[in-house]
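Q: Below, each chain spelled out in residue letters.
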Amino acid sequence: MKRNFLSIAAVVLAIGLFSFTKMEKKAQVDMYVFEFDGTQSGGYSVANVENESNTYWKYKGKNLELCGDQDQKACRVEVIGANVDNTTTPTELRNVAISATLSGSTAHVTAITGTSSQYSNQED
Amino acid sequence: MTNSLNSDCNLKRRHFLTELICALFVFLFVYTGVSKLDNSERFRDVLHSNAVLRPVAGVVGYVIPAGELVVAVLLIFPVTRRYGLYAALGFMSLFTIYIGWMLWFAEKLPCQCGGIIEQMTWKEHFVFNLVLTGLLITALIKSTKNKVAR
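Same order as they appear, the protein sequences are chains A and B.
The opening residue of the first sequence carries number 1 in my numbering; numbering runs sequentially from there.
The opening residue of the second sequence carries number 1 in my numbering; numbering runs sequentially from there.
Incorrect hints may have been included.
What the hints assert, rightly or not - Taking CB as the label site, the calculated pair distances span:
hint, chain 1, residue 1, chain 2, residue 2, range
1, B, V70, A, F20, 46 to 52 Å
2, A, S19, B, V70, 20 to 26 Å
3, B, L103, A, S19, 38 to 44 Å
4, A, T91, B, I137, 23 to 29 Å
5, B, L53, A, K58, 30 to 36 Å
6, B, L53, A, K22, 21 to 27 Å
Unchecked claim - DSSO-like, lysine-lysine: derived pairs with alpha carbons at most 30 Å apart:
hint, chain 1, residue 1, chain 2, residue 2
7, B, K142, B, K12
8, B, K123, A, K22
9, A, K62, B, K123
10, B, K123, A, K26
11, A, K22, A, K60
12, A, K25, A, K62
13, B, K123, A, K25
14, A, K60, B, K142
15, A, K60, A, K25
16, B, K123, B, K142
17, A, K22, A, K62
18, A, K26, A, K62
19, A, K58, A, K22
20, A, K60, A, K26
21, A, K58, A, K25
Hints listed in this document are in silico derivations from the structure and should not be mistaken for laboratory results.
Even glycine gets a Cβ: it sits at the ideal position worked out from N, Cα and C.
Isolated chain B, as found in the complex:
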């Protein structure tokens, strides 16, 4: 009986943690997605200043914020949450690689990440992204355990 209660409690705790991490990413993706769409001229201009992204800056300038909003929607509903977590992990990995690559190889660091996040330095942003990616991996592990426990 006690074991069953403990296991139920652990399951609830794991479930709450996953929900909390998902809510954090819903907040993050809605906020940055809407900010980028609202100021898309500036966002595309920053992408255009990058020699590698220049040829696709026009398309990427819309695909990234739209993708962020789609991921946020996937994260809201329990049925699609796992797909959302994988998609968010994909996005965060891409952003982290981009920032890392810019930090090490770019001569000039343009600034546009959407809303208040652009107040961070690139190094801070890189660490911030690493922490968030770690949180996403934690959420994916926890949600897998939740699925197995059920």
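One chain only, chain A, in its complex shape:
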């Protein structure tokens, strides 16, 4: 036990720090991330990108990373629980309006409504 003191202290410290950072994160609001599916008919058209249905915007998970900052084609949006159909098993965006504009042959998101909502686009 005495010989393992440092290692056991390290385990306790690691779990303590993990719990502390987890508690801090819990205080933050969960963000639900949806990703645009460009494989549907019409691809990255403005009409498709602006359509909030889950045919085009697929739920990916909670608190995931958004995409890069290249505004060429739609990638991901994140919204709070009030803007999803069901917070336990989300499948679809609710009460958000997505605006898109064409850049070349693909559309990218330019705005999204809803408290704390954010969007991100990607390289073509």
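Got chain A; can you put chain B on it based on the hints?
A: Below, chain B without anything else, positioned relative to chain A:
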């Protein structure tokens, strides 16, 4: 007599340094392993964004954090410590190669390394990993010398 005392002192110092480095890695692997398992959805999503790792993202997403915890356990007990050091060196080398490869070749740098470590930039993370790998090599050399001295 003095020589024997000095050598005993050196041995103790070397042993303490090895223990300290092992404790550092126990801390690191427990913290990052638990953080990744707790947020495995996000971790697997980041792996999935990498074209090379995409086909194995589901499996790797569990194997890496589980492996980190196993290495931490190996490092805790003196009997298994050397195996733990080799396994940790393997892990750190893989992570360092991955980060280096992402830095030089990837168009997009996703961010997920577990807990507070993800606050680092990729370049900082690369240097951090190099330093840690150096520490592991030092610990392995010291533990070999300890074994010979005994």
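Q: Against each hint, give a clear statement of whether it holds in the structure.
A: Consistency of the hints with the structure:
no., hint, in the structure
1, V70(B) / F20(A): 46 to 52 Å, "violated (24 Å)"
2, S19(A) / V70(B): 20 to 26 Å, "holds (22 Å)"
3, L103(B) / S19(A): 38 to 44 Å, "violated (32 Å)"
4, T91(A) / I137(B): 23 to 29 Å, "violated (50 Å)"
5, L53(B) / K58(A): 30 to 36 Å, "violated (20 Å)"
6, L53(B) / K22(A): 21 to 27 Å, "holds (26 Å)"
7, K142(B) / K12(B), "holds (11 Å)"
8, K123(B) / K22(A), "holds (26 Å)"
9, K62(A) / K123(B), "holds (27 Å)"
10, K123(B) / K26(A), "holds (29 Å)"
11, K22(A) / K60(A), "holds (21 Å)"
12, K25(A) / K62(A), "holds (13 Å)"
13, K123(B) / K25(A), "holds (25 Å)"
14, K60(A) / K142(B), "violated (47 Å)"
15, K60(A) / K25(A), "holds (20 Å)"
16, K123(B) / K142(B), "holds (29 Å)"
17, K22(A) / K62(A), "holds (15 Å)"
18, K26(A) / K62(A), "holds (13 Å)"
19, K58(A) / K22(A), "holds (27 Å)"
20, K60(A) / K26(A), "holds (20 Å)"
21, K58(A) / K25(A), "holds (25 Å)"
When held up to the earlier numbered hints, the structure conflicts with 1, 3, 4, 5, 14 and fits the remainder.
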